[in-house]
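S.K.: Chains as they are written, first to last, in the numbering used here: chain A, 765 to 1113; chain B, 765 to 1113; chain C, 765 to 1113; chain D, 765 to 1113.
Check the hints yourself; a few may be wrong.
Repeated chains share a single entry, so a pair holds when one copy, or any two copies, can fit it.
Unchecked claim - Computed cross-link-like contacts, DSSO-like style, restricted to lysine-lysine with a CA-CA straight-line distance of at most 27 Å:
#	residue 1	residue 2
1	833	844
2	853	822
3	833	866
4	1053	866
5	833	804
6	916	1111
The hints are simulated quantities; they were obtained by calculation from the structure and are not laboratory data.
Number of protein chains: 4
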Amino acid sequence: MEKFRFLTSGESHGKCLTAIIEGVPSGVDIDIDFINAELKRRQEGYGRGDRMKIEDDKIEILSGVRHGKSIGSPIALMVKNNDFQNWQKVMSVFPEDYTDEKSFTTYRPGHADYAGSVKYNQTDLRNILERSSARKTAIEVAVGAVAKLILKTLGVEGSSTVTQIGSACCPDRFHQEIDTAKENGDSIGGKFVVVYKNLPVGLGSHVHWDRGIDGRIAQAVMSIPAIKVVEIGTNPLGMCGSQYHDEFKVENGEVCRVTNNAGGIEGGMTNGEDLVVSAVMKPIPTMLKPLNSIDNKTNEQSQAHYERSDACAVESCAVVAESRVAWVLVNEILLKYGGDSIEELKKHI
Amino acid sequence: MEKFRFLTSGESHGKCLTAIIEGVPSGVDIDIDFINAELKRRQEGYGRGDRMKIEDDKIEILSGVRHGKSIGSPIALMVKNNDFQNWQKVMSVFPEDYTDEKSFTTYRPGHADYAGSVKYNQTDLRNILERSSARKTAIEVAVGAVAKLILKTLGVEGSSTVTQIGSACCPDRFHQEIDTAKENGDSIGGKFVVVYKNLPVGLGSHVHWDRGIDGRIAQAVMSIPAIKVVEIGTNPLGMCGSQYHDEFKVENGEVCRVTNNAGGIEGGMTNGEDLVVSAVMKPIPTMLKPLNSIDNKTNEQSQAHYERSDACAVESCAVVAESRVAWVLVNEILLKYGGDSIEELKKHI
Amino acid sequence: MEKFRFLTSGESHGKCLTAIIEGVPSGVDIDIDFINAELKRRQEGYGRGDRMKIEDDKIEILSGVRHGKSIGSPIALMVKNNDFQNWQKVMSVFPEDYTDEKSFTTYRPGHADYAGSVKYNQTDLRNILERSSARKTAIEVAVGAVAKLILKTLGVEGSSTVTQIGSACCPDRFHQEIDTAKENGDSIGGKFVVVYKNLPVGLGSHVHWDRGIDGRIAQAVMSIPAIKVVEIGTNPLGMCGSQYHDEFKVENGEVCRVTNNAGGIEGGMTNGEDLVVSAVMKPIPTMLKPLNSIDNKTNEQSQAHYERSDACAVESCAVVAESRVAWVLVNEILLKYGGDSIEELKKHI
Amino acid sequence: MEKFRFLTSGESHGKCLTAIIEGVPSGVDIDIDFINAELKRRQEGYGRGDRMKIEDDKIEILSGVRHGKSIGSPIALMVKNNDFQNWQKVMSVFPEDYTDEKSFTTYRPGHADYAGSVKYNQTDLRNILERSSARKTAIEVAVGAVAKLILKTLGVEGSSTVTQIGSACCPDRFHQEIDTAKENGDSIGGKFVVVYKNLPVGLGSHVHWDRGIDGRIAQAVMSIPAIKVVEIGTNPLGMCGSQYHDEFKVENGEVCRVTNNAGGIEGGMTNGEDLVVSAVMKPIPTMLKPLNSIDNKTNEQSQAHYERSDACAVESCAVVAESRVAWVLVNEILLKYGGDSIEELKKHI
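Just chain A, same shape as in the assembly (with noise of 0.2 Å):
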């Protein structure tokens, strides 16, 4: 059984977005200002369309903190979805408040609604669509500022940047690309990198597949909803073995080394140095431009659907993948070092 684990949930429109999060050690400083830093970071960034300024998302914890701190309880998170009142209908619990306003049934090429529906065996997209959108990381970015609030009292420190957008790989080309895409009713991925500091050697491990932390990093940044790429420190291809491994040195009597093409990992463990990863996302598939679909009642051509406006959300799906990679170090720390407060945790490492 992990030892951070949690579940979400939560429909785009739906009343709102909670998570439980189990095994938080007891006495952690649970910062609401630090979470709700985070949920803003999400909201950011050059391209997003108008429904970020609805969102103004604020964290409310139920349970499992007191007075501030953790007490080992499981902490429960909401976050309020402040458009509800305009959905309380389309997204009601309630049988008699069934309504097909807002249902459709046209798939949108990229998104989880065709293999969704077959799957769950649903007519009325909007059944899919309002749980597969991007709107449920908003609680999983919640998630993440917990675990990075456990990774600051051990001084790990984690950041991201975008490095690609578009073709653009110069930061001040950027808004250009996005610009652009949004003037030709289009969308625009990107690339961007995570890295946190400050990391323990070993965790994660060799010894079995499933140990291994790059493995596990890997699933936490794939599974986010437009990732299609995952590196591990430097892109080795086309590089010959002499130019990529990182040779060792002793430096103010520590070992280290030359070079992080490894990314921070090695053999599926931490090695001491700075943990790099990097990830491509996809072009965001809703986009003015409609592309060509079916109607799943008709089975005939129809036009995809035009649900949101982002043109770029590149920025804000890095800070999704460094609060995912938040997750992982913390459980990874958690299981290599037990611990059922912070305070006992801090000695043990």
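Use these hints to put chains B, C and D onto chain A, whose structure you have.
M.R.: Chains B, C and D only, in chain A's frame:
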């Protein structure tokens, strides 16, 4: 609990590699020749060193199969090490056989040596490298072969192809790249693609991050020793939404796609198109040309030990990835369709 | 990974109890009245104290259900604490609301207080008892009610009966036992039986210890606060083999049994007979008549704190057990038959 | 993911039983004589049949141990079947060895035969009974022995005692009960108690139902073939609260208890007192005196097949239970304290 779960064991120069697989439905034809053929595929490939000749791996089934068919019990697999007589004392389980012959203390860059020795509190790096060796992928391929036998019954077939070696993207230049690396006492990596055809729609799910089949595949592939990049479908970097997304069409009454940039996965689920997963393997870290390192006894500069001589193992690694994707697919199929016997499973699908 | 998995949260006097259930097939009628009726059943029973009147629990569904039906997304449930306004400061999440009002430091025998305070490094025992309270079983019963709604669809029905209170095995003496305990400022436990009818043959498995449904049921029932004994079927103590084992017969062309001493489980699997699980609940540890204890600040003799006044909660506990067995059964059914929608699941069974 | 996890395999008359344990810290002395002594303890006990003489089980360690110490790698264990030469064709993995010699089709009451054959779609019941046999507990005891070696290092010791055979609660009448059963061609069960001393406070948790150590122990013990009742501590049936609960006292400056009715567990956690777990084993279902049954080919009345002749196996079962509790304890200790090497673990505790 996973439906198709297993553990593997074994050191590179130990007596044998073993695996126990729990969750194979009853009634599957366990074709030993097929498993051996998969083991053979893993051992082949231009650029492999001499050990492959010694290793000629053969599977032995110890339990879980009776008269050619699985019976629902855990299946135990063993691959004996043909060279064990030369390692009996060095790798002995018994304390009285202790020898420091073949022990070594210089961390090899790119390997688990450093992180593993810190984590597991070992001075003799052999206690780490014996398990971190890619040798363990032999038994993983055997497990994958069992998974493939289940997939075959359901009409699902996989394959893999090397698409780049070093800087060569053209197959007729692959051998040359490898030869050059070898001549230089260097090593070279590359890229490959794994394809699975004829998968049902709706493996994985969009409803929770850890149900996404993209994440599970990424974990299984990224945790292969030496893999640093995993891609699903076409790398979308630089493409805009209208270029990348796979429009729908109806063909012979079936919903399908004009393109398959998504690599068969949307919303964390298979969408009925071919599953396409690529990965980049780093150059093998053990080279004739030594790398700078540290001796863990003296903490002084040393040169990394040379144990293996493969110049390139990308073909072999592709077979391992193909096997691992098979694990994930079988598990997802069993989770989705249930079925304790292959007959029942077939009825459900 | 389990198919029907969930997490719960909430402190006894906190704002609310919550649960998130992941894995409910789509298309299940989520009957809120039924869930509330189950919550009501838990609160009833002769011998409960006054708090039950305050608690009149009502479920709120926050997500995962649309227009009366599950949609495959995680289902979030909430039971608000009607008395929270009186505990706002004491149970506040915010550090600025700190108060040591209602804190206490004397370990109550029979409770989590001592072990919990050591484990989680807490001086104020309220940080332990708020979560260890049986109050959390309210939301567990709600989760069980969702499980039962799935079981109902498949024709599986459960019930529970109290079979002993104190030393009385005859129902018409139960109230008298409870009254006597109450008059003495004491508490009394008892025994109950949970029965599920109409289960398919072959839930669980004999092939690996952790697949046995007997073990899974035992875990679910033994981990209910205050349960110390779990029995499956007839207690075989003192019986010989020829008396105990359930001989086969054919009736109306169906294989069935002459007796059901095994309680519906053989070889870790359901065998088609009624599932029969009994459990013994210890007397509630909080009594008017105080117990000798220790104060954790002074390490001196003290008397255990009195917070609740139920003299007997066996009826309530039986409802909790019935709910928990429902969790296990649904999970096993989903593992065995798969099915992402209730329509598909019904076809598989 | 559990920290101490393993899989076992093997059929009763197959080539061998095997296990792979993943999660053993490095540096543990793996004392083969101790493991063999535990295997011997399982085989002894008055009332066992002749097969025990054939079985004289010996462990073989295939991997994960070097020069007497665990190295962090998965540990593979094997117990060969000394009688396999007589079963080679009957139990062969190869289709060409097919024989229906030793196949049988009459369900034995009290066994997995019926449910297993329905579940796994098998006509020859040997395909079920070979795995459902108690023979598989031999390798489970070996796994338990490894767990005990870890516990020993930490000063934790376990033992077990038979407390009732048939209707005899007095040890000097046990043999007589067994002899009588044997003479009648019948079988007899009994009760035993497992005790572990010197456990740390706070294994398990009250914060979530599936973290409770009581539930985990109940699962591990109830899933032993033939166990139908599990009790923790004193059976509280008929006791009132003031009699049952364990009052606190201070002795030599240490918090301890006047009594230990709770059996060392309160609130789902160890409380520092001795862990006391009892269980009732049903009479062995295979008896000389046959039971009424059904033939699965003809659906007609038949008499249950006789394969084994133990009249009583309670002593042996107690050893299995002791082993299984050791699994749970080690896993909980590793989850609570972490530690990849035994040296680090000791420092944490």
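S.K.: Is the C-alpha distance from residue 833 to residue 844 at most 27 Å within one copy, between copies, in both cases, or in neither?
M.R.: both (22 Å within a copy, 22 Å between copies)
S.K.: How would you label the pair residue 833, residue 804 (within, between, both, or neither) given a Cα cut-off of 27 Å?
M.R.: within (22 Å within a copy, 33 Å between copies)
S.K.: How would you classify residue 1053 and residue 866 at a CA-CA limit of 27 Å: within, between, both, or neither?
M.R.: Within one copy, since 20 Å is at most 27 Å while 61 Å is not.
S.K.: Classify it for me, residue 916 with residue 1111: is the Cα-Cα distance of at most 27 Å met within a copy, between copies, both or neither?
M.R.: Cα proximity of residue 916 and residue 1111: in one copy and across copies (15 Å, 24 Å).
S.K.: First find the shortest C-alpha distance between residue 853 and residue 822 inside one copy, then the shortest across copies, and answer within, between, both or neither for a cut-off of 27 Å.
M.R.: both (23 Å within a copy, 21 Å between copies)
S.K.: At 27 Å max between alpha carbons, let me know whether residue 833 reaches residue 866 within a copy, between copies, both or neither.
M.R.: Answer is between; shortest inter-copy Cα gap is 17 Å, intra-copy 42 Å.
The structure fails none of the hints (numbered hints given earlier).
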